[in-house]
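Undergrad: Here are the chains, one letter per residue:
4 protein chains.
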Amino acid sequence: MNSFGQKFRFTTFGESHGIALGCIVDGVPAGLKIDLDFIQAQMDKRKPGKSEFETKRSEADTIEIQSGVFEGVSTGTPISMVLYNKNQKSRDYTNIKDVFRPAHADFTYFYKYGIRDYRGGGRSSARETSARVASGAIAQLMLNQFGIKVQSGISQIHTIKSKNLDFDYAPSSAIFALDKEMEDAQKNAILEAKNNHDSVGGVVTLKISNVPVGLGEPIYDKLDAKLADAMMSINAVKGVEIGDAIDGVELMGSQNNDQIRKDGFTTNHSGGILGGISNGEDIVMKIYFKPTPSIFKEQQTIDIYNEELDFKLHGRHDPCVAPRGSVVVNAMASLVIADMMLLNMGAKMEHLNKIYT
Amino acid sequence: MNSFGQKFRFTTFGESHGIALGCIVDGVPAGLKIDLDFIQAQMDKRKPGKSEFETKRSEADTIEIQSGVFEGVSTGTPISMVLYNKNQKSRDYTNIKDVFRPAHADFTYFYKYGIRDYRGGGRSSARETSARVASGAIAQLMLNQFGIKVQSGISQIHTIKSKNLDFDYAPSSAIFALDKEMEDAQKNAILEAKNNHDSVGGVVTLKISNVPVGLGEPIYDKLDAKLADAMMSINAVKGVEIGDAIDGVELMGSQNNDQIRKDGFTTNHSGGILGGISNGEDIVMKIYFKPTPSIFKEQQTIDIYNEELDFKLHGRHDPCVAPRGSVVVNAMASLVIADMMLLNMGAKMEHLNKIYT
Amino acid sequence: MNSFGQKFRFTTFGESHGIALGCIVDGVPAGLKIDLDFIQAQMDKRKPGKSEFETKRSEADTIEIQSGVFEGVSTGTPISMVLYNKNQKSRDYTNIKDVFRPAHADFTYFYKYGIRDYRGGGRSSARETSARVASGAIAQLMLNQFGIKVQSGISQIHTIKSKNLDFDYAPSSAIFALDKEMEDAQKNAILEAKNNHDSVGGVVTLKISNVPVGLGEPIYDKLDAKLADAMMSINAVKGVEIGDAIDGVELMGSQNNDQIRKDGFTTNHSGGILGGISNGEDIVMKIYFKPTPSIFKEQQTIDIYNEELDFKLHGRHDPCVAPRGSVVVNAMASLVIADMMLLNMGAKMEHLNKIYT
Amino acid sequence: MNSFGQKFRFTTFGESHGIALGCIVDGVPAGLKIDLDFIQAQMDKRKPGKSEFETKRSEADTIEIQSGVFEGVSTGTPISMVLYNKNQKSRDYTNIKDVFRPAHADFTYFYKYGIRDYRGGGRSSARETSARVASGAIAQLMLNQFGIKVQSGISQIHTIKSKNLDFDYAPSSAIFALDKEMEDAQKNAILEAKNNHDSVGGVVTLKISNVPVGLGEPIYDKLDAKLADAMMSINAVKGVEIGDAIDGVELMGSQNNDQIRKDGFTTNHSGGILGGISNGEDIVMKIYFKPTPSIFKEQQTIDIYNEELDFKLHGRHDPCVAPRGSVVVNAMASLVIADMMLLNMGAKMEHLNKIYT
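Residue numbers (the numbering used here), protein chains in the order written: chain A, 364 to 720; chain B, 364 to 720; chain C, 364 to 720; chain D, 364 to 720.
Treat the hints as calculated values from the structure; they're not laboratory data. Since the model is a prediction, treat every value here as computed from it, not as a measurement. Any given hint might turn out to be false.
Said to hold, decoys possible - Computed cross-link-like contacts, SDA-like style, restricted to lysine to any residue with a CA-CA straight-line distance of at most 25 Å:
1) K413(A) to G394(A)
2) K660(A) to Q618(B)
3) K625(B) to N458(A)
4) K660(B) to N631(A)
5) K717(D) to K408(C)
6) K413(A) to K396(A)
7) K524(A) to Q618(B)
8) K408(A) to F473(A)
9) K717(C) to D561(A)
10) K526(B) to A548(B)
11) K396(D) to Y668(A)
12) K449(B) to T522(C)
13) K526(B) to K449(B)
14) K625(A) to L672(B)
15) K717(A) to L676(C)
16) K396(D) to K526(D)
17) K408(C) to S536(C)
18) K717(C) to L528(C)
19) K526(D) to T522(C)
20) K524(A) to S617(B)
21) K717(C) to S536(C)
22) K413(C) to L554(C)
23) K675(C) to K660(D)
24) K449(B) to I382(C)
25) K570(B) to T522(B)
26) K660(D) to K526(D)
27) K408(D) to Y583(D)
28) K675(D) to Q622(C)
29) K512(C) to T522(C)
30) K413(A) to K625(A)
31) K625(D) to L676(C)
32) K449(C) to K625(B)
33) K660(B) to K660(A)
34) K675(A) to K524(A)
35) K660(C) to D645(C)
36) K570(B) to Y719(D)
37) K625(A) to G510(A)
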């Protein structure tokens with residue numbers, strides 16, 4: 364339930380206002396150099412409070428490795444990583460203690476479990492994604508050994524769509540914008556929502572390059588199905604699309620089929636996946652984030668006694684979760700690819716011959 | 364790899380032109396009346412050759428139960444079901460034996476496994492979905508006991524979108540159209556593609572009603588993530604959307620948040636799922652099918668020797684896979700809900716008290 | 364629940380008196396020659412009615428492969444195998460319909476599931492092990508490629524222990540005896556029990572030679588733990604022992620520790636497994652089978668209405684299950700080793716380098 | 364690999380000389396009172412240095428809960444627990460750095476992973492079992508709610524067998540002896556080995572009382588198979604036995620079959636499990652521990668360069684691991700039963716009716 368992946372498998376724990384959050388990453392091949400600076404750099408990309416487009420809440424997000432690494436190298440045993448919730452503001456949660464915030468998980472957790480840690484969203488808080496980023500960084504270190512590049516950024520904020528997707532530009536943008544031309548308009552859309560005590564949605568586009576042919580396990584662990592599963596598990600994500608899925612509905616087969624030549628596919632409508640297996644082209648995926656549920660306008664809701672009330676939330680929240688979400692998308696994609704690389708080993712006798720003879 | 368689900372778990376086998384296809388459904392609670400007519404009726408909905416909108420290929424699709432049912436009732440042991448490939452035309456596959464059909468899984472299976480059953484797509488054929496429909500029918504029988512209703516149909520063909528979604532109408536439509544008004548235009552779009560030796564894409568909308576609150580296991584077995592996983596595993600599906608995921612990007616939080624009143628949610632932008640857990644509203648989902656890869660126009664491709672060639676496919680194929688796909692969507696949705704019902708048992712001590720004291 | 368293994372994974376179905384029994388073997392590497400004669404030969408070893416030491420019940424046990432093999436070679440897709448229950452005697456089960464046979468699973472199945480297929484033990488019948496032997500034969504074919512040899516036979520019947528274990532002799536013995544000297548005494552013990560309408564227990568010893576170093580996944584998928592799990596799942600097995608586990612309790616560490624020299628270990632008290640990982644020595648294991656529960660003497664029991672009765676079973680049963688059990692031990696051991704070989708791939712970066720660079 | 368259980372599932376991490384060890388326990392039902400004192404009390408039973416029969420190495424073993432508990436009650440989210448390695452002696456490991464200690468996992472870890480944390484056994488150290496005891500304590504808290512009692516103790520040390528098994532006496536014995544009469548002789552056997560710089564083996568007997576009928580999932584998650592799996596994963600365990608498995612081999616069926624009367628079974632040769640499912644009688648199991656591999660006599664071994672050497676270990680180790688092992692046996696048994704209770708939910712429609720209608 365709190366684990367993801369089959370061979371490269373991570374398990375996360377922690378609530379937003381508990382003692383700590385963290386993860387155990389199991390199945391990391393031994394002999395991988397574990398660069399703590401690289402991991403911390405990924406954590407820093409996700410951490411809030413870096414700009415006016417994000418919540419002002421400041422979290423240190425300093426990662427500590429507790430096991431599985433010896434003299435800087437993975438040993439094949441589980442890697443535990445932990446983040447302490449040091450800097451948390453000792454807030455008063457009386458006003459939301461018994462209230463279900465609209466569009467949040469409050470209502471469903473309460474009725475599923477009969478009990479709920481109401482402080483800052485508890486387990487359902489996006490702060491849980493910090494553990495994914497730490498796990499994803501380990502995966503990324505492994506992918507780096509094979510030249511596999513996982514990149515992502517913002518391709519839409521509210522109605523403002525990016526036209527040109529420049530994955531090398533995104534890291535330098537405060538909102539991880541893929542299109543420098545549209546960046547200001549996208550930033551303005553976020554600030555406008557913020558100033559109106561409201562929020563906006565956004566779209567992240569993911570690109571994975573240099574993927575080996577053959578990743579993905581049909582029929583029920585297809586690469587696209589696992590990517591969809593991974594992305595849908597991210598807070599606020601409600602839709603996913605591989606290649607040109609949505610626009611492709613309006614195409615004819617003769618337009619949508621990618622023709623094949625000696626040196627590769629002539630187009631990439633399929634987003635790099637055919638029959639659930641990578642074909643060597645870039646894997647391209649769009650991930651749709653809903654507007655942040657936390658807004659500061661009055662809303663109608665009920666409490667745990669089923670009493671109706673008008674409710675206004677206070678606190679600090681991202682007016683748009685997609686930008687920081689793109690860092691989580693990167694992490695989850697890296698984890699899926701790492702897992703699929705391990706799962707693919709043994710697909711044919713040729714693999715076994717390489718290792719056992 | 365060929366199994367889906369954790370407690371209500373099915374495993375499928377079979378190639379389109381092998382001896383048989385089938386499934387083992389494990390974890391079916393004992394004491395469920397297994398209505399073979401109901402199961403066969405679901406098979407018949409999916410089977411090809413029923414109208415001019417489908418491939419003319421006729422498959423008997425008669426299901427046989429081999430185990431797990433005693434005197435008409437499930438015993439808690441695995442239910443095996445099998446379909447024999449009796450009626451298959453003894454075709455000559457020489458022309459596609461060594462060729463990778465564009466947009467098919469031929470290329471990726473060949474490079475992943477080093478060998479490929481080229482007859483009719485082998486394992487990657489949509490014929491595999493017949494085993495899902497059989498498994499799904501068992502799940503549906505279980506859901507029926509609790510009044511849970513799983514319905515689906517066509518909400519778009521090529522550019523023709525349905526406006527009014529009538530889930531009770533769909534079963535009577537040859538293309539499972541949800542909107543009677545748009546049905547003819549949608550049918551025409553299919554026929555036009557067919558006459559042009561081409562194909563079109565489509566969208567299926569799924570609705571699940573009367574779902575208990577509390578289904579879905581955060582963080583990594585969220586209900587929406589498992590539905591996405593299930594749908595993405597269906598042939599030709601490349602995109603999925605829960606509730607108003609895609610349009611919701613262009614809304615403000617204040618517009619997209621579903622307010623809560625005593626008697627339920629005032630809107631359902633979330634598609635019945637909050638924090639990965641069902642909230643009791645209808646679960647609504649859109650599933651995007653790409654145009655059928657099999658078209659009868661000349662295309663550019665390569666063969667297994669990496670030689671380029673111009674290639675024209677012959678045979679019988681659905682000009683649009685979405686209509687029959689909607690039957691598979693229904694099956695997969697039923698299987699996910701059944702599995703989530705079993706997984707949810709034990710979420711709180713109250714459940715254990717009901718069973719063990 | 365009805366599946367075993369993680370990457371090399373099989374799922375079985377079927378009741379002793381249903382239409383068919385069978386299995387789906389998933390995760391078989393593509394490119395393995397599937398020798399149907401070899402598989403049938405394993406089936407024939409397990410099949411009953413071959414001698415006076417076994418039940419007279421004759422079962423054809425002819426295996427049919429339905430998928431996953433193309434032109435005699437595995438394709439990487441699931442291999443389905445089926446056995447039809449053709450030859451079954453249309454018996455009258457009235458006398459056991461409502462009665463719990465002592466030491467059988469009747470009582471526990473009835474109370475767990477609330478319903479029970481009482482014909483011949485239903486799912487809990489040892490006939491289910493035929494599906495394991497079929498699955499195990501596929502595993503064995505894979506192991507054969509790497510010179511790994513799985514052998515087993517009888518090392519004790521009732522109080523008659525074998526002294527000399529000759530694994531090459533066992534296949535030629537009607538009871539798979541490992542010690543030709545003790546064979547007659549062991550046979551006599553079986554016949555004596557049979558003539559007294561009673562039954563006896565026995566011990567199977569398993570030897571696996573030429574195992575690669577490094578198989579087994581600590582901490583919770585240790586090779587010995589998985590072997591124990593596999594063996595304990597066999598009908599009538601109640602105890603397992605790796606190496607000299609039981610006698611070893613009475614040794615000092617200085618006696619039990621296997622010293623290491625350049626060319627290997629000087630002794631093998633550990634049974635080839637250290638820390639849950641194979642060390643390259645022979646894996647040696649003893650498996651303890653209880654006396655067959657089916658005897659033809661009067662016994663005390665109750666029925667499903669909780670009424671006490673004296674009960675006498677009729678029918679045909681092995682007076683000792685260990686000999687045919689040794690064929691199942693072989694199959695399960697082969698399946699565990701095959702699975703562990705696949706799981707071990709990816710243990711170190713060196714493995715990934717061999718496949719992805 | 365480092366997880367155990369399916370629904371009540373724990374994952375451990377940590378090396379004996381790393382920063383910390385710990386576990387994540389997933390699937391704990393919400394609403395369970397988490398008594399930290401109870402958990403710590405279990406930890407204290409396992410911790411070394413309590414008497415002359417154990418290693419003098421002193422470990423604080425103070426457990427800290429980091430998540431999943433809110434106001435003293437489980438919330439249904441993962442419970443993380445951690446133990447810091449504060450008190451570790453900064454030893455010099457130069458002498459064992461490159462040497463494979465006989466009967467240890469050094470050799471196998473090195474060849475499996477190509478790298479090894481040699482400090483104190485690293486991951487293969489018995490210190491890992493502290494995380495199992497913490498996890499098991501949570502399981503035990505759940506079982507306590509249903510009156511299920513898990514008890515264990517020493518039934519044999521070297522050749523000294525207990526005659527009378529008094530499970531209520533064991534907790535008060537420094538070696539968890541089950542038989543007060545034999546206790547001194549068993550203690551002497553340990554001390555004698557210790558004084559000789561040697562070690563001895565031992566046997567733990569486990570009894571689980573008041574188990575609900577119906578636990579265990581045939582065919583491949585049988586209760587006995589899962590218990591065997593769990594016990595075999597414990598360091599130094601090489602054999603397991605359910606009920607009278609080993610002595611039962613020498614019985615006739617008529618002697619070994621447990622007769623059934625209205626008020627239960629007249630004997631319990633089966634150890635409370637029939638067909639892999641609990642029958643309501645006490646579950647009885649014997650677990651065989653080999654002599655501690657760490658002895659202080661000269662032994663023959665090789666190093667990582669394959670050079671032979673004579674080697675003498677220094678340090679502090681238990682002369683017999685069985686006594687403290689019995690605490691781990693208790694923990695693992697509790698975890699298996701808790702998992703099986705959750706897995707059993709949904710075995711029949713009656714269960715679903717209780718929860719969903």
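Undergrad: For every hint, state whether the structure bears it out.
TA: Each hint, compared with the structure:
This hinted pair does not check out: K413(A) and G394(A) have alpha carbons roughly 35 Å apart, beyond 25 Å. Pair hint K660(A) plus Q618(B) holds up; C-alpha atoms about 11 Å apart against a cutoff of 25 Å. Distance restraint check for K625(B) and N458(A): the Cα-Cα separation of roughly 19 Å lies within the 25 Å cut-off, and the hinted pair is therefore satisfied. A distance of roughly 19 Å separates the Cα atoms of K660(B) and N631(A); the hinted pair therefore holds under the 25 Å criterion.
Under the criterion of a C-alpha separation no larger than 25 Å, the hint pairing K717(D) with K408(C) is inconsistent with the structure, at around 47 Å. The suggested pairing of K413(A) with K396(A) is violated, with an alpha-carbon distance near 29 Å, which exceeds 25 Å. Taken as a hint, the K524(A) and Q618(B) pair is honoured in the structure, with Cα atoms around 20 Å apart against an allowance of 25 Å. For a cut-off of 25 Å, the pair hint linking K408(A) to F473(A) is broken: about 32 Å separates their Cα positions.
With a CA separation close to 53 Å, the supplied pair K717(C) and D561(A) exceeds the 25 Å bound. Between K526(B) and A548(B) the CA atoms are separated by roughly 12 Å; this keeps the pair inside 25 Å, and the hint holds. Distance check on the hinted pair: K396(D) and Y668(A) sit about 23 Å apart at the alpha-carbon level, within 25 Å; holds. For the suggested pair K449(B) and T522(C), the alpha carbons sit about 55 Å apart, so the restraint of at most 25 Å is broken.
Distance hint between K526(B) and K449(B) is unfulfilled; the C-alpha atoms sit about 41 Å from each other, more than 25 Å. Note on K625(A) and L672(B): the hinted pairing holds, with a Cα-Cα distance of about 10 Å set against a maximum of 25 Å. Proximity of K717(A) to L676(C) is assessed by CA-CA distance (about 55 Å); at most 25 Å being required, the pair is judged violated. Among the hinted pairs, K396(D) with K526(D) is inconsistent with the structure: their alpha-carbon atoms are about 38 Å apart, more than 25 Å.
Distance hint between K408(C) and S536(C) is fulfilled; the C-alpha atoms sit about 11 Å from each other, no more than 25 Å. Taking the CA atoms of K717(C) and L528(C), the gap is about 40 Å. The hint is violated against a cut of 25 Å. Taken as a hint, the K526(D) and T522(C) pair is honoured in the structure, with Cα atoms around 23 Å apart against an allowance of 25 Å. Restraint check: the Cα-Cα separation between K524(A) and S617(B) comes to about 21 Å, which is no more than 25 Å; the hinted pair holds.
A C-alpha spacing of about 44 Å is found between K717(C) and S536(C), which places the hinted pair above 25 Å, so the restraint is violated. In summary, the hint linking K413(C) to L554(C) is supported, as the alpha carbons are separated by about 15 Å, within the 25 Å threshold. Pair hint K675(C) plus K660(D) does not hold up; C-alpha atoms about 60 Å apart against a cutoff of 25 Å. Only pairs whose Cα atoms come within 25 Å are accepted, and K449(B) paired with I382(C) is accepted, the gap being roughly 19 Å.
Between the alpha carbons of K570(B) and T522(B) the distance comes to roughly 22 Å, so the proposed pair stays at or under 25 Å and holds. As the CA atoms of K660(D) and K526(D) are separated by approximately 33 Å, the hinted pair breaks the 25 Å bound. The suggested pairing of K408(D) with Y583(D) is violated, with an alpha-carbon distance near 33 Å, which exceeds 25 Å. Taken as a hint, the K675(D) and Q622(C) pair is honoured in the structure, with Cα atoms around 12 Å apart against an allowance of 25 Å.
Of the pairs offered as hints, the one joining K512(C) and T522(C) is violated, with about 29 Å between alpha carbons and a cut-off of 25 Å exceeded. Between the alpha carbons of K413(A) and K625(A) the distance comes to roughly 47 Å, so the proposed pair goes past 25 Å and is violated. For the hint linking K625(D) to L676(C), the alpha-carbon distance of about 20 Å falls within 25 Å, and the restraint holds. The suggested pairing of K449(C) with K625(B) is violated, with an alpha-carbon distance near 61 Å, which exceeds 25 Å.
A hinted pair counts as satisfied when its Cα atoms are at most 25 Å apart, and K660(B) with K660(A) does not qualify at roughly 56 Å. At roughly 31 Å between alpha-carbon atoms, K675(A) and K524(A) are farther apart than 25 Å, so this suggested pair is violated. Between K660(C) and D645(C), the direct Cα distance comes to roughly 42 Å. Violation of the 25 Å bound is thereby established for this hinted pair. Restraint check for K570(B) and Y719(D): the C-alpha separation of about 20 Å stays at or below 25 Å, so the hint holds.
This hinted pair checks out: K625(A) and G510(A) have alpha carbons roughly 22 Å apart, not beyond 25 Å.
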